[in-house]
Amino acid sequence: MNQVFNSLLAPATVIGNGMIAQRFRKYTGQTDIVLFASGVSNSKETRTAPYIRERVLLEKTLAKLTDQLFVYFSTASVNDPTEKNSPYILHKLAAEQLISTWAPNYLIVRASNVVGGLGNRHTIMNYFWEHIQQGKSFAIWQHATRNLIGLDDLYLAVEQAVLCGSYQNRILTLVNPYSVKPLQIVEAIETYIGKRAVYEQVEKGISFDIRTDIKQLLDVEESYWQPDQYIHRLLSKYYEL
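For what it's worth, our numbering labels the leading residue of the sequence shown as 39, then goes sequentially.
Hint data in this document are derived by calculation from the structure and do not stem from the laboratory.
Every value quoted in this text rests on a predicted model; they were computed, and no experiment measured them.
Don't take every hint at face value.
[Claimed, not checked] Cβ-Cβ distance ranges computed for the label pairs, FRET-style:
| no. | residue 1 | residue 2 | range |
| --- | --- | --- | --- |
| 1 | His-181 | Leu-201 | 35 to 43 Å |
| 2 | Glu-83 | Gln-135 | 18 to 26 Å |
| 3 | Gly-157 | Thr-86 | 37 to 45 Å |
| 4 | Asp-190 | Asp-247 | 18 to 26 Å |
| 5 | Tyr-193 | Ser-261 | 42 to 50 Å |
| 6 | Glu-83 | His-181 | 31 to 39 Å |
Beta carbons: idealized from backbone N, C-alpha and C, even for Gly.
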């Protein structure tokens with residue numbers, strides 16, 4: 039079993055083409071670990087076809103497993119009470135159940151809003167960035183909270199979880215210890231690019247907490263996660279002016 043976990047130093051099979059899959063792409067090549075980062079990119083998707091495609095691909099991948107470690111990227115939005123009955127969340131929960139039943143060795147990673155630069159326009163950071171840059175008006179949910187995690191932080195945490203070998207057949211929630219109001223994200227972008235946003239605050243959203251496992255895996259000072267500094271660091275790292 040330890041051989042499976044220690045093999046992260048060698049390339050692995052990475053399924054997917056998006057931001058997370060690209061970040062783990064250097065591990066392409068071996069079959070003793072499979073990272074499944076292919077999925078529906080828009081959490082607001084209501085069409086059934088994208089979910090069916092991911093489900094079919096997931097089932098085909100699981101059917102080919104032997105003793106490989108199977109890493110699946112799920113979502114921490116399962117904790118959001120406003121999304122609990124959405125097609126996206128129901129799909130992710132069903133996928134997690136399928137994996138826990140079929141995969142002999144697995145690690146399910148529930149990540150929050152991953153920030154890694156422009157690309158997927160459906161992420162909250164990219165949505166705000168695009169609208170502010172282009173002067174488009176948008177709504178801000180006053181009572182909502184959102185959780186941002188940098189792509190590299192997610193990568194390092196997953197790598198550590200696999201290497202240490204004690205997280206097999208578990209669900210890990212890898213999110214920032216601090217969630218923020220959407221307005222705080224918008225104000226950080228305004229400051230960073232020097233442009234005012236055009237928005238309306240609406241009486242929507244619910245604040246909720248997410249338990250995180252990331253502090254067990256990343257040895258950084260508490261100040262590293264402080265929202266103002268963290269958001270500014272994400273913008274400086276992943277968004278060019």
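Tested hints:
1. The hinted range of 35 to 43 Å is satisfied by His-181 and Leu-201, whose Cβ atoms lie roughly 40 Å apart.
2. Restraint check, Glu-83 to Gln-135: a C-beta distance of roughly 20 Å satisfies the suggested window 18 to 26 Å.
3. Here the CB-CB span from Gly-157 to Thr-86 is close to 25 Å, at odds with the stated 37 to 45 Å.
4. The hinted range of 18 to 26 Å is satisfied by Asp-190 and Asp-247, whose Cβ atoms lie roughly 24 Å apart.
5. With their beta carbons about 21 Å apart, Tyr-193 and Ser-261 fall outside the hinted range of 42 to 50 Å.
6. Separation of Glu-83 from His-181 is about 24 Å and departs from the stated range, judged on CB atoms against 31 to 39 Å.
The structure fails hints 3, 5 and 6 (numbered hints given earlier, in ascending order).
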